[in-house]
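For reference, each letter of the sequence shown is one residue, going 1 to 256 in UniProt numbering.
None of these hints come from the bench; they were simulated from the model. Incorrect hints may appear among the rest.
As the list claims (entries may be wrong) - Straight-line C-alpha distance at most 30 Å; calculated BS3-like pairs for lysine-lysine:
#1 Lys46 / Lys24
#2 Lys124 / Lys89
#3 Lys40 / Lys124
#4 Lys24 / Lys124
#5 Lys24 / Lys40
#6 Lys89 / Lys46
#7 Lys40 / Lys89
#8 Lys156 / Lys46
#9 Lys156 / Lys124
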Amino acid sequence: MSLELAVCAEMVFLELPFVERVKKLHALGFGIEMWDSRTKDLAALKATGANFGSMTGYSAGSLVDPEGSAEVLRTAAELIPTALELGIKRLVIHPAELIDGQAANPRHRATGQMWLTASRTLEKLGALGVEHGVVFVLENLNTILDHPGIPLGRAKDTLALVAGVGHPNVKMMLDLYHAQIGEGNLIQLLRDSLPHLGEVQVADVPGRCEPGTGEINYPAIAAELHSLGYSGPVGLEGWASGDPEEALASFRNAFS
1 MSLELAVCAE MVFLELPFVE RVKKLHALGF GIEMWDSRTK DLAALKATGA NFGSMTGYSA
61 GSLVDPEGSA EVLRTAAELI PTALELGIKR LVIHPAELID GQAANPRHRA TGQMWLTASR
121 TLEKLGALGV EHGVVFVLEN LNTILDHPGI PLGRAKDTLA LVAGVGHPNV KMMLDLYHAQ
181 IGEGNLIQLL RDSLPHLGEV QVADVPGRCE PGTGEINYPA IAAELHSLGY SGPVGLEGWA
241 SGDPEEALAS FRNAFS
């Protein structure tokens, strides 16, 4: 059973303009993932013929704040036409607002109100997803190194939210790089998350580079995914430690 391999074009072939990165990745046989679509030339991206799998699905607001949740829903609705134009079905969201990758409003303790607000917002996103034929995937984040101050960012929290909502258009984006830093126990985490998985993202620890550069046993991860019968997308959201094509070959080899 083969996996759908994709690469975040924001993080490789950095010497090339974004559209040229997409062309390069497409020629190498990978699907394409990206972050903020508002800065991109959509016509040029579409003309590449690449398979676009995911993009960031909101541009402001926070799942966990009553005031901010309306912004998440508003901006998600604004971005859906872009997603549909590029054939994207997975829209990535986070538990709280990020500005340049950092918590817009750092908080180090989650409250019951945050859980309730996040759950209600995810339900509304699910309804929006049904309306437009897209799936919102909630990504876990580590709060130790990359994203301090993001409440409900751990994989166990994002899984609990997605499972609690139980909506077919709300899934989990399980980022194993973040999970390794914050929690570990990745094989069991895969097993627990399987019914709710929309995508698995990977990069090694430390360094956030391609598989084989750090401590995560990605061949074992791949074997477990095959054993579980998972055949969905696996996305490399990581830097190349050296030559990008060699890094991508290492990624492909780990999951072949």
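Here's how the hints hold up against the structure:
Note on Lys46 and Lys24: the hinted pairing holds, with a Cα-Cα distance of about 14 Å set against a maximum of 30 Å. As the CA atoms of Lys124 and Lys89 are separated by approximately 17 Å, the hinted pair is consistent with the 30 Å bound. Using a Cα cut-off of 30 Å, the hinted pair Lys40 and Lys124 holds, with the two alpha carbons roughly 27 Å apart. For the given pair, Lys24 sits about 37 Å from Lys124 by alpha-carbon distance, which is inconsistent with the 30 Å threshold.
Simply put, Lys24 and Lys40 have alpha-carbon atoms about 16 Å apart, close enough for the 30 Å limit, and the pair holds. In summary, the hint linking Lys89 to Lys46 is supported, as the alpha carbons are separated by about 15 Å, within the 30 Å threshold. Of the supplied pair hints, the one linking Lys40 and Lys89 holds, its CA atoms being roughly 18 Å apart against a limit of 30 Å. Among the hinted pairs, Lys156 with Lys46 is inconsistent with the structure: their alpha-carbon atoms are about 36 Å apart, more than 30 Å.
Our distance criterion of 30 Å between C-alpha atoms is met by Lys156 and Lys124, whose separation comes to about 22 Å.
Of the numbered hints stated above, those contradicted by the structure are hints 4, 8, listed in ascending order.
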